[in-house]
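Protein chains in written order, with our numbering: chain A, 1 to 242; chain B, 1 to 251; chain C, 1 to 205.
No wet-lab data here; the hints were simulated from the structure.
Cβ atoms here follow ideal geometry from the backbone N, Cα and C, with glycine treated the same way.
Any given hint could be a false lead.
[Stated by the list, open to error] Simulated DEER-style distance windows between Cβ atoms:
1. C:P36 / A:L186: 27 to 33 Å
2. C:N116 / A:E66: 18 to 24 Å
3. C:M39 / A:L186: 50 to 56 Å
[What the hints assert, rightly or not] One side only, chain C facing chain B, incomplete, derived with CB under 10 Å:
4. G104
5. E156
6. F170
7. F173
So you can see what is in the structure, the chains are spelled out below.
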Amino acid sequence: MPKILEVRELYKSFDKLQVLQGVSVQIDAGEVVVIIGPSGSGKSTLLRCLNYLEQPTNGSIYFKGELVDPKSNLLKIRQEMGMVFQNFNLFPHLKVIDNITLAPRLVHSTAKPLAEKRGLELLGQVGLQEKARSFPDELSGGQRQRVAIARALAMDPEVLLFDEPTSALDPEMIGEVLEVMKQLALEGRTMIVVTHEMGFAKEVGDRVIFMDEGVIVEEGHPNELFANPKQKRTQAFLSKIL
Amino acid sequence: MKKLPVFILTVVLVVAASTVAWGAGVLRVATEAGFMPFEFVDEKTGELLGFDMELIKAIGAELGMEVKIDNISWDGLIPALLNNNYDVSIAGITITEERAASVNFSDPYFESVLTIVTKSNVQNIASLDDLQGKIAAVQISTTGDFEASDLQDAGGLKGVSRFDTVTDAMQAVIIGAADVVILDLPVANAYLEANPQAPLKHVGPVADNEFYGIALNKKNTELLEKINGALTQLHENGTYDKIYQNWFGAQ
Amino acid sequence: MLLTGAKLTVQLTSIAVFFGIILGTLTGIARLSKGPLRMLAAIYIDVIRGTPLLVQTFIVFYGLPSLIQRPIPAYVAAVLALSINSGAYVGEIVRSGIQSIDKGQWEAASSLGLSNYQTMRHIILPQAFRRIIPPLGNEFIALLKDSSLVSVIALEELVRKGQIIIGRTFRPFEIWTAVALIFFVMTFTVSRLVDYLERRMTPHA
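Chain A extracted, bound-state conformation:
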């Protein structure tokens, strides 16, 4: 499978706090990679560095073989990397359908009817077609996150980044979001998912990466990593959450 994303020796620090300390990783097209690890391990920061929401202190990122350069091609690269946030970050002043069509219309200059047609399709895909004319704060948390996923999909991204997409949800709503994500995985989309949902990692992930203290401690196929963690830190972490 072709390489779509490559991270080389990535470092990131906030003031004196070293969050990423030399992370290298490759992602293949169509792969579903799940990043796990204790809080503060740097997994969200890694994800946010991929589309430069955080600027890495050092190291380089290649997207489809091209160096990500914050000056020249950032907007284009962000368009091709959809992101789903823990807190949804829907645009509260826009209706659901406008949340989804805004970026295609502005960035791709897609005509409104066309964008809306596509938007309704995506809403159908996440099971919320009837909410198109609602405002975000009329939706439940789970529904909002599904809209956020549809919004990310509307730009037809090649990679989807999920930053703890279910962490802010009530337990009974987690399932509906994971179900949508699972469908996306089945469609063959490239996904990088930071999550605490080990069930999802096991069932859907092609590869699991365990991070701790700013480095990748261990990675492997979920069956292997969950059953036979090789590193002590991995073992300790897994024994705590499983």
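Since the structure of chain A is provided, determine the placement of chains B and C on it from the hints.
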């Protein structure tokens, strides 16, 4: 409810203060000291000077009263009388029928003559008939203001710009925002003498005369009579002429 | 006669608020930018907020003409002074309005590939404006009242009309009461309008 004691205190103080001021031999005078040479503040000493000031002190002396003058805003002159905060207002106030419906005026103590101030290089303005299409700057609510307003109503003037002070009105002509200032001749003289570098001149007396009076609360008729008596006395004993010469030279 | 003054008051204030909002929005954004504009905006806001409107009005009317070598009509000078003044206050309102918008909104817009300008225009400002309607309304009301200061350059707005009538009639109490009443009607209307706008712009409540 914290404010209640403060309020009561304020009321008590105000009442106390006004009682003190009501003491017999004090004449409480309000003026607006922006009308040289009738009333103005001495730049060095901060003292209130001018024709009106000297006149009202002479009246006080005639009546055997102590004169206390406060410099307040023009807008405050009449409310202050209606409230009884002051006994009289003297500030180059023109006597008009309309105003006389609200306050009493003393006998006229000054006959005012208007003039027109223009830029020094203006040649074609000599009288009020030459102001068609012009804009006049005036000090608000002065004789000049009334004359200009009448002139505008009659179509003899394009517009009237009303300023708070004579200085602002003069400045408006200097910067070209107005063509002329219409004002009392003595006031124009005083300004031009005090500001010889200003590129302005006046055209001498124009139009008819107006009279200044001392304003009083309508209820205060007793004081009105006393003041009129004092004015007559000052004319008879020559004090008035002395004060006049002091400020305007020969009569 | 008072009503023609009130008309001028409303006119001056409305125009000034209109330009004030444009100027203030630019200033507010500049305040949050990087580089020399940020500094410039900060100086503008500090100078205007740190000096009386009365003085600003005098400077525009009496000072500016000698600078540009031609007279400025009082009306233009008043609109200029009021707009510049209002722009500084609105600038601070806009800045705090923008800052009150959750950082996640920026991130979400960026992650979709929107440029900074697009994000500001379509995501941040619409939300910020909804939030700043109440303080903006207060600014409108404050300016409505403060606009009486331009009477010093001979503009006959409501207060000055009142003064003129009083100067003729010597009937201060009646006239000032009428002036106050008209001001109240104007400010009350504005505050109701602001309430209405705020309710309308909140999508549902």
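Tested hints:
1. C:P36 / A:L186: 27 to 33 Å: Roughly 53 Å apart at Cβ, these two residues miss the hinted range, so it is violated.
2. C:N116 / A:E66: 18 to 24 Å: 22 Å Cβ-Cβ, so the 18 to 24 Å window holds.
3. C:M39 / A:L186: 50 to 56 Å: holds, 54 Å
4. G104: violated, 44 Å
5. E156: Hint on E156 (chain C): holds, closest Cβ of chain B at ~7 Å, below 10 Å.
6. F170: holds, 4 Å
7. F173: holds, 7 Å
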